[in-house]
Every structure is written in C-alpha cells, then in structure tokens.
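**Student:** Put together the whole structure using the sequences plus the hints.
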Amino acid sequence: MASLDTLQATDQIDGGAGADTFNMSVSKDFSGFTVGTGFLKNVETVNVTNGALSTAYSFSGRGVTGVETYNVSGPVNLSGLSSTTPVVNFSNLAGTAAANRNMSVGFDQEAVAGTADKFTIGLNAVGTAPLTSTGQPQGWVALTTTGVENLTLAVTGTSYASLATGTGAVKNLTV
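Mapped onto my numbering, the consecutive letters of the sequence shown carry residue numbers 232 to 406.
Treat the hints as calculated values from the structure; they're not laboratory data.
Worth double-checking, as some hints may not be accurate.
Unchecked claim - Distance condition first, Cα-Cα at most 30 Å in a straight line; then the derived DSS-like pairs of lysine-lysine:
1. Lys349 / Lys272
2. Lys349 / Lys402
3. Lys259 / Lys272
Claimed, not checked - The calculated label-pair distances, taken between Cβ atoms and stated as ranges, are:
4. Thr387 / Thr252: 13 to 21 Å
5. Asp245 / Thr365: 25 to 33 Å
6. Gly282 / Leu404: 27 to 35 Å
7. Ala356 / Asp260: 19 to 27 Å
8. Ala360 / Asn273: 17 to 25 Å
9. Asp260 / Thr296: 18 to 26 Å
10. Ala360 / Gln239: 35 to 43 Å
11. Asn381 / Thr286: 29 to 37 Å
12. Ser364 / Glu275: 19 to 27 Å
13. Val386 / Glu299: 18 to 26 Å
14. Ala344 / Thr300: 45 to 53 Å
Glycine residues also receive a C-beta, built at the ideal position from the N, C-alpha and C atoms.
**Tutor:** Quick look at the structure:
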C-alpha cells in the first residue's frame with residue numbers, strides 16, 4: 232500500500248519573497264517539522280483541509296514561521312504555533328461528528344509569554360442549529376485557546392460556537 236504521507240518532518244519549504252500559499256489535505260496527525268532539519272517558512276497562507284469530517288486531526292506548527300493566515304477547513308486542531316500573529320480561520324465544521332467539533336489552537340510558551348498577546352480567530356458558518364430544549368445549539372463548535380489576553384472573533388455567516396480560554400484567560404474579547 233502506498234503511503235499517504237507527502238509532507239515529511241524533514242521537508243524544507245521556503246516560499247521566499249512574494250505572497251505564497253501552501254495547501255495540504257490531512258488524513259492523519261502532523262507532529263511538526265524536525266528541529267534543525269525541516270521547516271516551512273516565508274509562506275504567508277497555509278490552507279489545511281480535512282475532508283474526513285468523521286475524524287479530527289492535529290497539525291503542529293513546530294518549525295513553521297512567517298505564516299499570516301491559517302485557513303482550516305474541517306476538524307483540524309492546531310498546536311505549537313510560534314506566534315499569535317497569524318489569523319486562524321475555521322470553516323466547514325457544520326457536518327462533523329459531535330466528538331470532532333472541539334477545535335483548539337495551541338501556542339509555544341514563548342508565543343504567549345507576555346501579558347498583552349493578541350490573536351484572531353475567524354469563524355465562517357461553523358456549527359449548526361437547531362436548538363435543544365434548553366436553547367443550546369446541537370451542533371455547536373467548542374473553541375479552545377490558552378495564554379492569549381486579547382482575542383478577536385471575526386464571524387461571517389451564522390455560527391454556533393463556545394469559547395474556552397484555559398489558563399491565561401482572555402481579558403479583552405472583540406467580536
């Protein structure tokens with residue numbers, strides 16, 4: 232059987248000058264690039280797609296620098312991001328199984344070491360109605376991020392989501 236792995240921990244991807252986009256479809260977890268060997272740098276937009284809505288996967292940003300925007304389609308958790316600068320946009324989470332609607336964005340400790348970290352999450356028509364008898368959307372998406380003090384939610388379309396901030400709770404929320 233042929234391997235589904237195209238992206239390897241030792242790959243070296245340098246977008247160089249200009250506006251670059253890296254597209255990847257995930258069918259398993261990616262634990263990041265090998266320190267000192269692999270990297271993804273100078274690529275401004277990273278599109279991560281999980282078409283298998285029945286399984287959530289993880290993408291580690293270890294060894295990734297220079298990203299301005301992550302566009303995440305389907306259930307994919309991000310971890311090990313080296314900066315709070317990139318905007319993370321979530322979409323295509325309406326049809327996912329209930330267990331796969333818990334999305335998280337995690338950062339390296341250095342990325343959230345300060346007391347005024349800023350981060351933006353975009354939601355594009357995530358989660359679904361109808362409501363339960365208690366008013367809770369049945370298809371809501373739970374978002375978790377930690378260590379960020381200033382969080383902006385940029386919402387387009389109707390979205391159903393809850394926010395958990397863990398340690399270093401959000402002090403300022405802008406919607």
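**Student:** Run every hint past the structure and note whether it holds.
**Tutor:** Structure-based check of all given hints:
| no. | hint | in the structure |
| --- | --- | --- |
| 1 | Lys349 / Lys272 | 21 Å, holds |
| 2 | Lys349 / Lys402 | 11 Å, holds |
| 3 | Lys259 / Lys272 | 22 Å, holds |
| 4 | Thr387 / Thr252: 13 to 21 Å | 20 Å, holds |
| 5 | Asp245 / Thr365: 25 to 33 Å | 51 Å, violated |
| 6 | Gly282 / Leu404: 27 to 35 Å | 32 Å, holds |
| 7 | Ala356 / Asp260: 19 to 27 Å | 26 Å, holds |
| 8 | Ala360 / Asn273: 17 to 25 Å | 41 Å, violated |
| 9 | Asp260 / Thr296: 18 to 26 Å | 21 Å, holds |
| 10 | Ala360 / Gln239: 35 to 43 Å | 41 Å, holds |
| 11 | Asn381 / Thr286: 29 to 37 Å | 33 Å, holds |
| 12 | Ser364 / Glu275: 19 to 27 Å | 46 Å, violated |
| 13 | Val386 / Glu299: 18 to 26 Å | 20 Å, holds |
| 14 | Ala344 / Thr300: 45 to 53 Å | 23 Å, violated |
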